[in-house]
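There are 4 protein chains.
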Amino acid sequence: MRVTKDAEVRRQEILETAMLLFEQNGINKTSMNDIAKAAAITKGLVYYYFSSKEELVTAVIDLVVEQINQQLQEIVQAPSLNFYEKLAEILLLYLVAIKERHKLIDFSPATTGVYELVKNRLTESALLYTKDFIRQAVEAGILTIDYPEYTLKILINGLADLYVEGVQEPKVLAVLIEQSLGLPKGSIKLS
Amino acid sequence: MRVTKDAEVRRQEILETAMLLFEQNGINKTSMNDIAKAAAITKGLVYYYFSSKEELVTAVIDLVVEQINQQLQEIVQAPSLNFYEKLAEILLLYLVAIKERHKLIDFSPATTGVYELVKNRLTESALLYTKDFIRQAVEAGILTIDYPEYTLKILINGLADLYVEGVQEPKVLAVLIEQSLGLPKGSIKLS
Amino acid sequence: MRVTKDAEVRRQEILETAMLLFEQNGINKTSMNDIAKAAAITKGLVYYYFSSKEELVTAVIDLVVEQINQQLQEIVQAPSLNFYEKLAEILLLYLVAIKERHKLIDFSPATTGVYELVKNRLTESALLYTKDFIRQAVEAGILTIDYPEYTLKILINGLADLYVEGVQEPKVLAVLIEQSLGLPKGSIKLS
Amino acid sequence: MRVTKDAEVRRQEILETAMLLFEQNGINKTSMNDIAKAAAITKGLVYYYFSSKEELVTAVIDLVVEQINQQLQEIVQAPSLNFYEKLAEILLLYLVAIKERHKLIDFSPATTGVYELVKNRLTESALLYTKDFIRQAVEAGILTIDYPEYTLKILINGLADLYVEGVQEPKVLAVLIEQSLGLPKGSIKLS
DNA sequence: GATGAATGAGGGTTCATTCAT
DNA sequence: CATGAATGAACCCTCATTCAT
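Residue numbers (our numbering), protein chains in the order written: chain V, 29 to 219; chain A, 29 to 219; chain Z, 29 to 219; chain F, 29 to 219.
The hints are simulated quantities; they were obtained by calculation from the structure and are not laboratory data. Misleading hints may appear alongside valid ones.
Given that identical chains are not distinguished, each listed pair holds provided it fits within a single copy or across any two copies.
[Unchecked claim] Straight-line C-alpha distance at most 30 Å; calculated DSS-like pairs for lysine-lysine:
#1 K81 to K217
#2 K81 to K127
#3 K81 to K33
#4 K33 to K65
#5 K159 to K199
#6 K127 to K33
All values derive from a computational prediction rather than experimental measurement.
With the hints as extra help, turn the sequences into a complete structure.
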């Protein structure tokens with residue numbers, strides 16, 4: 029049976045189906061056929077909207093990054109949170125995000141390394157969104173270390189690996205964050 | 029034309045050819061055929077020495093890890109180096125190693141993520157070899173932070189990503205290390 | 029040049045091409061490539077319709093068994109034939125069927141012996157379809173031997189081998205059948 | 029280490045190793061490598077004695093047939109057995125032989141059907157050795173049916189299939205034999 | 001917009017056979 | 001007699017991509 033949908037709706041459906049499968053099974057292990065089947069359409073239609081697998085992969089990554097950025101922005105702009113709370117939320121956001129997209133991130137497509145792509149894009153935007161936020165903390169004398177952005181990057185990537193490996197106790201993570209950023213003991217509280 | 033070589037020599041040749049190609053193009057993009065061609069032999073001979081691609085991949089990873097471990101051990105046991113110097117050497121070792129094996133690490137084979145495999149194996153052995161080394165520093169009052177092993181892990185993985193991205197100025201890296209581990213300013217010197 | 033056909037038609041073409049090649053050269057000596065070439069399509073298309081060689085083999089066997097079963101059923105239900113005539117027809121059916129499918133039956137695929145499969149399936153359904161038929165003959169006092177089903181099996185398999193070897197004179201076969209089943213001389217007439 | 033043996037001894041070792049593996053795993057699933065390994069020699073040596081796999085297969089079949097023929101001859105010539113006893117022994121010999129060599133017989137090599145080969149060779153020699161034996165029985169009025177040789181062939185092949193399928197009760201088999209050959213009830217006793 | 005049959009290139013793997021030593 | 005490294009052809013299978021309808 030032939031079901032016609034609005035172009036944008038269809039595109040979005042394919043995108044989300046692909047994202048789901050990529051996250052579940054990894055990019056390499058997800059064929060265009062799998063995606064078409066899961067989206068209940070034909071392969072041809074997938075190619076109608078995305079001219080190649082690589083393009084689809086790129087679009088999925090864009091989507092992932094965008095979703096996280098949105099959450100990030102919400103945290104940064106939340107008026108009810110102080111610096112420490114925001115910091116905790118942001119780091120948690122990345123830890124969980126990376127853990128959940130583990131398969132997606134770990135596996136790689138034909139041409140370029142997705143891991144790189146995603147991680148770079150994520151940390152890139154992380155810095156973008158937290159730039160002002162960090163500058164304010166520095167100016168306010170809350171953050172006193174040198175190269176706070178780099179340190180944040182190290183924390184995100186390094187912590188994420190620890191987290192994925194199973195080190196997930198909030199108290200331990202909190203201490204590691206405090207030490208790395210030179211924050212007062214007990215200032216970070218991870219839920 | 030049939031060229032016969034000593035088994036161990038041929039095996040090593042294949043191993044090194046595979047390592048090279050894996051590092052250059054990634055594991056997934058390197059076919060057994062590619063390896064055979066690059067080694068100027070037939071596919072059948074590759075299978076004579078390695079009964080499957082997975083076995084070859086594993087052997088290559090073992091080789092990489094072993095090479096790094098050997099260097100690591102030399103550093104740890106060097107009598108002429110003090111704690112700070114050893115620490116600097118160890119971190120540099122990983123930074124360079126990970127950067128060089130970037131493609132190898134980034135890409136992943138069919139069954140399991142090689143990235144995981146290599147990184148886990150590396151940090152695993154890193155902690156194994158530096159355990160005593162760290163304990164002594166803690167006992168000597170040089171290392172005063174909590175969870176020094178976790179912090180070291182964070183540093184290795186986090187710094188490596190920064191390094192790969194191009195942040196390679198020795199002075200910047202040194203400061204980041206000092207801050208993260210709570211070491212005195214100027215104690216770490218990266219060559 | 030790309031020739032598109034109705035799915036069911038193509039599927040049937042592949043099935044019959046495979047059956048032909050299997051019967052001619054045996055299953056093991058028939059590659060998926062051979063089948064594709066003979067059907068004037070690409071290997072990929074064969075796999076589009078049959079997800080593995082084993083599945084194709086199974087489908088071919090099903091086809092063969094089904095074809096024979098249909099003929100069998102027609103004979104059993106023919107109102108114009110008496111017991112002796114039906115028996116003669118049934119045995120002839122198997123003799124010819126097994127002789128024609130000789131190579132198909134004789135050769136075996138990777139996993140299981142097809143010979144077993146086909147022969148078992150055939151004799152299985154033979155007994156199924158002839159059960160009532162035999163019981164009626166026993167009740168009517170026409171068949172007086174013990175274990176008539178086993179005897180029928182022996183006859184089918186044993187006669188088939190003889191037949192394949194060249195013993196095909198109707199009169200000789202008729203006598204052998206009469207003797208084995210304890211039927212009156214001259215009761216069986218093979219055309 | 030290089031172990032030198034008498035040519036005939038080595039040849040026999042290879043032959044018996046091959047026979048064992050063929051019977052265990054079937055001919056197709058037994059590679060020349062498997063045989064060499066099991067015989068604790070190298071592939072090259074196998075080819076020194078048998079110029080191809082087909083030749084080895086043929087030699088193994090010869091061996092099998094020869095072994096059975098020897099047992100057959102012993103039975104036929106046994107002075108202490110009467111006709112019925114000999115007949116029972118002979119049929120049992122074939123039933124067991126075919127059952128044990130099932131894998132060997134069922135699977136098939138590259139060029140020709142081994143099943144055919146072995147079964148034909150076996151029944152061929154069976155008739156050869158039992159010719160006089162049967163003639164005497166006919167002359168003595170013990171065997172009164174027409175085409176006793178054909179009937180014997182049918183019995184051997186047909187019974188073997190039944191036997192392989194699990195119909196192995198001595199009494200049932202005895203009755204089937206008596207009926208087929210027109211022998212007195214109770215004349216055949218299978219141990 | 002949508003279908004799905006069809007392609008083609010390549011991938012991993014097996015194995016009988018050869019041959020220099 | 002014996003070794004075992006080396007070959008090469010074939011095999012089953014996957015999948016991104018195309019295209020006639």
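Exercise. List, from low to high, the hint numbers that the structure doesn't satisfy.
Key: The structure conflicts with hints 1 and 6, although it agrees with all the remaining ones.
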